[in-house]
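One letter stands for each residue in the lines below.
There are 2 protein chains.
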Amino acid sequence: MSDSEDPSVGPRVYRVPDGDDRERATCPECGFIAYENPRIVVGVVARADDERILLCRRAIPPRIGYWTLPAGYMELNETAEAGACREAYEEARANLKLTGLLAVYSLARIHQVQLIYRAVLTDPHVEAGPESQEVGLFHYSELPWDELAFPTVKWALQHDHQAHMEGHGQAFANPTTEED
Amino acid sequence: MSDSEDPSVGPRVYRVPDGDDRERATCPECGFIAYENPRIVVGVVARADDERILLCRRAIPPRIGYWTLPAGYMELNETAEAGACREAYEEARANLKLTGLLAVYSLARIHQVQLIYRAVLTDPHVEAGPESQEVGLFHYSELPWDELAFPTVKWALQHDHQAHMEGHGQAFANPTTEED
Ligand SMILES: [Zn+2]
Ligand SMILES: [Zn+2]
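So the sequences go chain by chain: A and B. Using full-length UniProt numbering, you'd call the opening residue of the first sequence number 1 and step up by one each time. Using full-length UniProt numbering, you'd call the opening residue of the second sequence number 1 and step up by one each time.
No lab work stands behind these hints, which were simulated from the structure alone. Be a bit skeptical, because a hint or two may be false.
Remember, identical chains collapse to one label, so a pair may be satisfied in a single copy or spanning two.
[What the hints assert, rightly or not] Result set (SDA-like, lysine to any residue): computed pairs, CA atoms no more than 25 Å apart in a straight line: (1) Lys97 to Gln170; (2) Lys97 to Ala108; (3) Lys97 to Pro124; (4) Lys97 to Tyr73; (5) Lys97 to His168; (6) Lys97 to Gly136; (7) Lys154 to Ala82.
None of the values given here were measured: they were computed from a predicted structure.
I would like the entire structure built from these sequences, with the hints used as guidance.
Laid out in structure tokens, this is it:
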């Protein structure tokens with residue numbers, strides 16, 4: 001349902017499939033069962049050499065004109081880390097090096113899990129991609145708190161600041177010798 | 001496609017939808033477009049008071065008879081943390097308290113991202129749920145390394161051991177005052 005552009009086609013009738021324990025969206029025309037699961041958003045708090053933080057002003061709904069972190073849906077056939085780097089390039093033409101996982105936020109009501117990484121820009125040049133009106137680099141004290149697009153952007157900026165000030169351990173990722 | 005029990009129905013023809021930049025599975029009968037994204041597996045390395053680690057011997061394919069950590073697909077309308085606790089109860093009747101995120105593993109080829117938490121058992125009683133043949137508690141030195149179900153189980157056990165020995169920071173989660 002949430003994946004379809006058109007609510008009048010595709011899986012839209014909820015019933016419990018044989019052998020399952022909860023209702024799933026089923027297509028009454030073709031019988032296809034959609035096992036809907038939360039979707040992963042990958043994003044990044046990227047800092048320049050002078051510690052300014054990269055934000056993008058949204059050119060697309062929702063929240064057009066508000067500032068956000070580079071982030072978007074993780075695609076098939078990429079790692080979470082590769083997805084975060086891809087989004088940073090698509091939205092801000094940013095080239096960066098990830099330095100660890102900052103946070104995992106569960107947004108149960110909107111069926112999202114956000115994986116937010118920390119990063120440093122490897123090239124100071126950034127510019128707006130097609131989904132951004134403009135990009136900006138902000139010192140923490142100058143962040144546009146009143147014009148942030150989503151609560152999770154605020155959470156991530158505050159957590160990144162806390163991590164930056166206190167030092168910060170991080171979750172493990174795939175062992176590099178045994179990558180998928 | 002990967003979500004359907006029956007490959008002859010539902011989204012199975014790949015084409016690039018209008019306004020998109022990559023091929024998506026589309027149903028030729030009803031026109032439904034499946035935006036397939038990686039699925040999230042939530043799991044847990046849980047330790048008892050005596051530091052033994054909880055494993056389950058699988059009663060279902062794949063890898064029947066091999067040992068695994070409590071883990072499974074995250075469902076809609078739950079947080080990652082709630083999903084990890086749910087799986088521990090379903091597979092091992094375990095009650096536990098999460099102590100932080102251990103690792104994020106991207107398994108790009110099989111379209112999974114695994115979120116593995118650390119936990120302590122709050123009740124020493126555990127027993128096999130319907131998807132487990134038996135459950136066991138093992139000291140690290142006694143783990144059944146040759147009978148583990150999946151590489152990620154080995155990764156998580158090794159990372160948990162490393163975290164246990166060295167101390168270990170962890171990723172942030174939703175601020176508790178602003179949970180979704
Ligand atoms: Zn259909
Ligand atoms: Zn169809």
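Now the hints, each set against the structure:
no., hint, verdict
1, Lys97 to Gln170, "both (15 Å within a copy, 20 Å between copies)"
2, Lys97 to Ala108, "between (30 Å within a copy, 20 Å between copies)"
3, Lys97 to Pro124, "within (12 Å within a copy, 43 Å between copies)"
4, Lys97 to Tyr73, "within (19 Å within a copy, 30 Å between copies)"
5, Lys97 to His168, "both (17 Å within a copy, 22 Å between copies)"
6, Lys97 to Gly136, "within (18 Å within a copy, 41 Å between copies)"
7, Lys154 to Ala82, "both (23 Å within a copy, 23 Å between copies)"
Violated hints: none; the structure is consistent with every hint.
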